[in-house]
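Okay, here's what each chain looks like letter by letter:
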Amino acid sequence: MIPLSWYMVLATILFSIGIYGFLVRRNIIIMFLSIELMLNAVNLNLVAMSHYLDSLRGQSFTLFIITVAAAEAAIGLGLVIVLFRNKKTVYVDHINELKG
Amino acid sequence: MPTYLLLIPFLPLFSFVVTFLVGKRLGVHSHWLPIITVLISFSCAIYAFFQVKNGYRVNTDLYTWISSGAMTVSVGFLLDELTSVMLIVVTSVSALVHIYSVSYMKEEAGYYRFFSYLSLFTFSMLMLVLGNNFLQLFFGWEAVGLSSYLLIGFYYNKVAAADAGKKAFIVNRFGDFGFILGLFLIYASFGTLHYEPVFANVAQIATQTFTMLGVTFNLPTAITLLLFGGAIGKSAQLPLHVWLPDAMEGPTPVSALIHAATMVTAGVFLVARCNPIFALSMTALNVITIVGSITCLFAATIALTQTDIKRVVAYSTISQLAYMFIACGVGAYSAGVFHLFTHAYFKALLFLGCGSIILGMHHEQDVKYMGGLKKYMPITYWTFLLASLSISGVPGFAGFFSKDEILAMAFVSPVGAGKFAWFIGTIVAGLTAFYSFRLFFLIFHGQFRGTAEQQHHLKESPKTITIPLILLAIGAVGAGAFGVPAVLGGNANWSHFLEPVLGHPQVHPSHFTEIILMIISVGAGALGIFLAWQMYINNPGLPQKMQDRFPLLYRLSLHKYYVDEIYGFLIVKPMNSFSRHFILNFFDIGLIDTIVNGIPKLIGQLSGTIRKVQNGLVSHYLAYMGGGIVFIIFLIYARS
Numbered sequence: 001m002i003p004l005s006w007y008m009v010l011a012t013i014l015f016s017i018g019i020y021g022f023l024v025r026r027n028i029i030i031m032f033l034s035i036e037l038m039l040n041a042v043n044l045n046l047v048a049m050s051h052y053l054d055s056l057r058g059q060s061f062t063l064f065i066i067t068v069a070a071a072e073a074a075i076g077l078g079l080v081i082v083l084f085r086n087k088k089t090v091y092v093d094h095i096n097e098l099k100g
Numbered sequence: 001m002p003t004y005l006l007l008i009p010f011l012p013l014f015s016f017v018v019t020f021l022v023g024k025r026l027g028v029h030s031h032w033l034p035i036i037t038v039l040i041s042f043s044c045a046i047y048a049f050f051q052v053k054n055g056y057r058v059n060t061d062l063y064t065w066i067s068s069g070a071m072t073v074s075v076g077f078l079l080d081e082l083t084s085v086m087l088i089v090v091t092s093v094s095a096l097v098h099i100y101s102v103s104y105m106k107e108e109a110g111y112y113r114f115f116s117y118l119s120l121f122t123f124s125m126l127m128l129v130l131g132n133n134f135l136q137l138f139f140g141w142e143a144v145g146l147s148s149y150l151l152i153g154f155y156y157n158k159v160a161a162a163d164a165g166k167k168a169f170i171v172n173r174f175g176d177f178g179f180i181l182g183l184f185l186i187y188a189s190f191g192t193l194h195y196e197p198v199f200a201n202v203a204q205i206a207t208q209t210f211t212m213l214g215v216t217f218n219l220p221t222a223i224t225l226l227l228f229g230g231a232i233g234k235s236a237q238l239p240l241h242v243w244l245p246d247a248m249e250g251p252t253p254v255s256a257l258i259h260a261a262t263m264v265t266a267g268v269f270l271v272a273r274c275n276p277i278f279a280l281s282m283t284a285l286n287v288i289t290i291v292g293s294i295t296c297l298f299a300a301t302i303a304l305t306q307t308d309i310k311r312v313v314a315y316s317t318i319s320q321l322a323y324m325f326i327a328c329g330v331g332a333y334s335a336g337v338f339h340l341f342t343h344a345y346f347k348a349l350l351f352l353g354c355g356s357i358i359l360g361m362h363h364e365q366d367v368k369y370m371g372g373l374k375k376y377m378p379i380t381y382w383t384f385l386l387a388s389l390s391i392s393g394v395p396g397f398a399g400f401f402s403k404d405e406i407l408a409m410a411f412v413s414p415v416g417a418g419k420f421a422w423f424i425g426t427i428v429a430g431l432t433a434f435y436s437f438r439l440f441f442l443i444f445h446g447q448f449r450g451t452a453e454q455q456h457h458l459k460e461s462p463k464t465i466t467i468p469l470i471l472l473a474i475g476a477v478g479a480g481a482f483g484v485p486a487v488l489g490g491n492a493n494w495s496h497f498l499e500p501v502l503g504h505p506q507v508h509p510s511h512f513t514e515i516i517l518m519i520i521s522v523g524a525g526a527l528g529i530f531l532a533w534q535m536y537i538n539n540p541g542l543p544q545k546m547q548d549r550f551p552l553l554y555r556l557s558l559h560k561y562y563v564d565e566i567y568g569f570l571i572v573k574p575m576n577s578f579s580r581h582f583i584l585n586f587f588d589i590g591l592i593d594t595i596v597n598g599i600p601k602l603i604g605q606l607s608g609t610i611r612k613v614q615n616g617l618v619s620h621y622l623a624y625m626g627g628g629i630v631f632i633i634f635l636i637y638a639r640s
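Residue numbers (the working numbering), protein chains in the order written: chain Z, 1 to 100; chain P, 1 to 640.
Bear in mind the hints are in silico, worked out from the structure with no lab data behind them. Ideal Cβ positions, reconstructed from N, Cα and C, are used throughout, including at glycine. Please note: incorrect hints may appear among the correct ones.
[To be verified] Covered stretches of chain Z (in silico footprint by chain P; criterion: 3 or more residues with CB under 8 angstroms from a CB of chain P, positions within the stretch not fixed):
{"id": "1", "region": "18-30"}
{"id": "2", "region": "92-99"}
[Claimed, not checked] Restricting the straight-line Cα-Cα distance to at most 25 angstroms, the calculated cross-link-like pairs of lysine-lysine (BS3-like) are:
{"id": "3", "chain 1": "Z", "residue 1": "87", "chain 2": "Z", "residue 2": "99"}
{"id": "4", "chain 1": "P", "residue 1": "612", "chain 2": "Z", "residue 2": "87"}
{"id": "5", "chain 1": "Z", "residue 1": "99", "chain 2": "P", "residue 2": "419"}
{"id": "6", "chain 1": "Z", "residue 1": "99", "chain 2": "P", "residue 2": "612"}
Construct the complete structure from the given sequences, taking the supplied hints into account.
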């Protein structure tokens with residue numbers, strides 16, 4: 001039996017990698033992947049807690065999140081493709097027209 | 001509420017709306033609807049008159065116009081003797097002027113606009129006389145002012161006309177201010193603005209006083225003088241007469257309808273309508289009589305030397321209106337309204353005659369270039385002669401009966417200023433005859449003094465002009481028949497008819513006095529006509545000699561006693577300089593513009609600094625976000 005704390009540590013590591021990637025990388029696809037990573041870190045946390053507390057709420061919640069994340073990924077990638085077609089770049093530092 | 005009564009004002013309103021909206025497409029046919037509607041209104045007015053004669057009265061509210069707290073004002077109609085007479089005056093003159101305008105305004109730009117405004121005016125004037133409360137009277141009062149403004153400035157690209165329109169509007173504002181203060185006082189004293197309860201309870205304020213700024217006023221005197229202030233403005237009495245002569249810049253049919261026959265008599269109508277209140281204040285009656293007398297003489301002396309034919313008639317209008325005020329001042333309201341009635345016809349005839357002459361002379365209005373028009377314009381000549389005889393008070397003509405009734409009533413009146421008014425009135429009767437026949441002789445007799453080109457084109461005006469002239473001439477001669485005094489074998493129908501509304505004069509002259517007074521005033525008139533004949537036909541060099549002998553008097557009269565110049569110096573110039581220096585330069589540009597432009601400038605500078613934060617780089621935004629989250633977490637921990 002793997003203790004709960006291991007899952008928590010793993011989720012924290014994944015979340016931190018996500019934040020790091022999100023803040024540091026300039027490639028919009030990588031940033032997008034980092035967001036997904038953070039999301040899944042949270043999912044992992046939910047599932048682990050659900051198992052630990054012997055309650056199905058966390059797992060069912062996770063299933064919803066995965067469904068929504070799939071839709072979100074589709075839209076997000078669609079936006080990235082449109083952006084690339086128009087700007088010929090995926091680097092966010094080159095996309096800075098929206099400013100005061 | 002009977003339908004025919006509703007038709008009287010609302011048909012012209014309908015015609016105004018339709019003609020104004022689609023008149024451009026109707027083009028040269030746009031006069032049909034206004035003429036037909038005003039003719040129907042006229043028929044309804046005649047029907048209403050006979051209904052009233054048979055003892056029928058209407059005093060009904062149509063609907064509630066304003067309801068605010070305890071105050072309710074309705075749109076309502078009152079049909080009584082006074083209203084029925086006014087309805088006939090307004091609709092008949094209006095109908096004739098409509099028909100006359102078809103030729104007179106032909107080929108003018110804005111033909112449809114002219115007719116739609118005429119309809120608007122007719123509607124407003126009818127609302128004014130038909131109202132059963134003071135606020136509706138005020139509504140009509142302002143609406144006729146508006147249509148008067150629109151019609152004076154009809155040739156809006158002519159600077160003089162646009163200025164004259166503005167002048168009329170602004171000068172009337174002074175009077176209307178008094179009028180509306182009077183309405184406030186009436187409402188404060190009676191709690192209603194309807195005529196009926198006000199006049200029924202008028203006795204309760206007879207001795208009331210109120211104190212303002214440490215001065216105690218008699219309530220009836222204050223109300224009546226304020227109302228009379230409005231009447232002074234609208235009826236162009238001293239000191240607010242200056243707008244009426246300038247209003248002659250408008251088309252001549254407008255001068256005939258609005259600035260002679262109907263709108264300017266609204267002031268007289270107001271005083272006559274409110275006679276129960278006026279009767280309470282001897283001070284107010286004296287003021288009215290004195291203002292009337294002075295205006296009467298003042299305007300008549302100006303008319304002696306003017307050379308613009310429309311201006312002569314305009315000053316004559318002011319002078320005749322003053323007669324009506326004298327009548328009201330001495331308590332002879334029915335005589336005043338009688339003069340209003342006869343004056344409407346002979347003065348409209350004089351104006352329309354002037355219009356016919358102006359048309360024949362190709363828009364030449366100066367009498368210096370006329371003369372000898374008799375053989376070219378016979379119909380205009382004869383009708384103008386009849387009107388001049390009527391205004392001069394020649395026995396048998398309409399003006400004779402009404403004017404002599406006023407003078408007789410003034411002579412015997414218990415009002416202090418009555419004798420003074422009679423004296424002035426008699427002198428003015430002579431002056432009136434003189435200037436009317438001066439004008440008449442200068443226009444129609446002697447040698448033609450214009451250019452050969454003008455002489456070549458001289459001809460009688462078309463039928464749509466001469467027929468209204470002939471119809472009005474019938475009125476100018478015959479309108480007096482309604483009020484032949486008992487002393488001349490009549491039965492004074494007029495004053496008996498109006499008695500239920502206007503009351504009975506306190507004192508009647510004896511037949512002997514009346515005859516003597518008549519002889520005096522007719523003698524004055526005859527002397528005036530004789531002098532005019534002497535000076536302008538028999539001995540044409542005489543006017544020049546008189547001018548040289550009395551240069552000061554001549555110049556005073558020619559320049560209208562310099563009233564315009566005095567007002568210009570005392571009011572217009574200080575006002576202009578105040579507006580330019582204080583309001584424009586200091587207040588508008590200095591104060592308002594600094595504030596209005598300063599605030600955006602400040603905001604602009606501030607935001608210029610702040611908006612550098614938003615630089616379009618996502619990574620920076622993310623850093624702000626991260627910083628924000630850390631800050632919020634910190635806050636949460638700090639609190640717990």
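Hint check results:
1. 18-30: This one holds; 4 residues, not fewer than the three required, reach chain P with a Cβ under 8 angstroms.
2. 92-99: holds (count 7)
3. Z/87 - Z/99: holds, 17 angstroms
4. P/612 - Z/87: The hint holds at about 24 angstroms.
5. Z/99 - P/419: violated, 89 angstroms
6. Z/99 - P/612: holds, 8 angstroms
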